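K.L.:
Residue strings, one per chain:
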Amino acid sequence: MDQENQPLFGLSIDGQAASTISSSVQWARILAICGIVFGGVFVLLGIFFKTFMSKTMSMGGGLESDTVDKNAALGAGIGMVIYILMGALAILGNTFLLNYANKTSRALKTNDSAMLNSGFAGLRNYCAFWAVIMILCLLLFLLSIVTMGLM
Amino acid sequence: MDTENKDDLFSIRLNNEGAAHLLRFAKQVKVFMIAGIALTVIILVRDLIALLRDRPAYSDSFFRIFFSIYPYLSLATAIAFILQLIYYQRLGKAVKYAIEYSDEAGFNKAFESLVKGIWFAFLVTGFSFLFVIGDLVVIIKLWNK
Chain A
1 MDQENQPLFG LSIDGQAAST ISSSVQWARI LAICGIVFGG VFVLLGIFFK TFMSKTMSMG
61 GGLESDTVDK NAALGAGIGM VIYILMGALA ILGNTFLLNY ANKTSRALKT NDSAMLNSGF
121 AGLRNYCAFW AVIMILCLLL FLLSIVTMGL M
Chain B
152 MDTENKDDLF SIRLNNEGAA HLLRFAKQVK VFMIAGIALT VIILVRDLIA LLRDRPAYSD
212 SFFRIFFSIY PYLSLATAIA FILQLIYYQR LGKAVKYAIE YSDEAGFNKA FESLVKGIWF
272 AFLVTGFSFL FVIGDLVVII KLWNK
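So the sequence lines, in the order shown, correspond to chains A and B. Per my numbering, the first sequence starts with residue 1, numbered consecutively. Per my numbering, the second sequence starts with residue 152, numbered consecutively.
In case anyone wonders, no lab produced these hints; they're calculated from the structure. Warning: the hint list may mix true and false statements.
Straight-line Cα separation of at most 25 Å, BS3-like style, residue types lysine-lysine; simulated pairs [as the list claims (entries may be wrong)]:
id, chain 1, residue 1, chain 2, residue 2
1, A, K50, B, K292
2, B, K267, B, K244
3, B, K247, B, K178
4, B, K260, A, K109
5, A, K109, B, K267
Please read these numbers as outputs of a predicted model, since none were measured by experiment.
The shape of chain A in the complex, shown without the other chains:
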């Protein structure tokens, strides 16, 4: 870290800001826990989705030919992968937010600047994670548009 950054030591967190950060920590923790539960539900839905589809297919499910059966199996497989992937991403992304909440909360309680840094690192990771996911989604959309245009 260069010397230019030294004046940063002058930035302290006052009582009002600590209370605001504390409030953000509480909300962030609830959001992260909801997000992780949400991610877990997604993963379960993915598993349920695959099981449900497999059962329906094994019972016949009104499907008439092997081709339809194969396509359905492929669709169920893709559905399962999408749900599980979305769940895993939600869990991972919200873990960063939970990190921010836990570390910042501890830092405020113990006046630990190092812990506060770790908390801010968690917030940065959360933001970076979702930025990357957004970019990947955009690329996938563009890819699907290009593919549809070529077909």
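Once you've looked at the hints, dock chain B against the given chain A.
P.N.:
Structure of chain B alone, referenced to chain A:
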């Protein structure tokens, strides 16, 4: 918060490492915002085209209700998500300014935007959950037909 606690909090200071994390956050939040808004607009346009193109009359009451509220839910999610990104970006901007100009008051005020951003993130999570459940019911109903 009690007075004793309040006094203790004054001793927390942002050091170089913390400032570096926040400055990187400010940079990344810009990318998050641009990509997020672009993605939201694309999804909204896609949904709108799909809605205008095919408007089947559903016999199933769940389908009727779900597809009639779908555009409003989609729009509400998009608005909440964009507001979430705006507040995160405000936090990034305020923190960057405060660090560059050693503006302690601005630094302390910046975190209000984070709280608001998180509130909107809650809305987005709630709406997304409704979408997923609705989609799942639609898939199951279609499969059983």
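K.L.:
Take a quick look at whether B/K260 and A/K109 sit within 25 Å of each other, Cα to Cα.
P.N.:
holds, 20 Å
K.L.:
Given the proposed pairing of B/K247 with B/K178, does the C-alpha separation stay at or below 25 Å?
P.N.:
holds, 9 Å
K.L.:
What's the verdict on A/K50 and B/K292, does the C-alpha distance respect the 25 Å limit or exceed it?
P.N.:
Holds. A/K50 to B/K292 sits at ~15 Å (cutoff 25 Å).
K.L.:
Going straight from one Cα to the other, do B/K267 and B/K244 come out at no more than 25 Å?
P.N.:
holds, 15 Å
K.L.:
Could you grab the alpha-carbon distance between A/K109 and B/K267 and see if it respects the 25 Å cut-off?
P.N.:
It holds: about 23 Å lies between the C-alpha atoms, which stays within 25 Å.
Violated hints: none; the structure is consistent with every hint.
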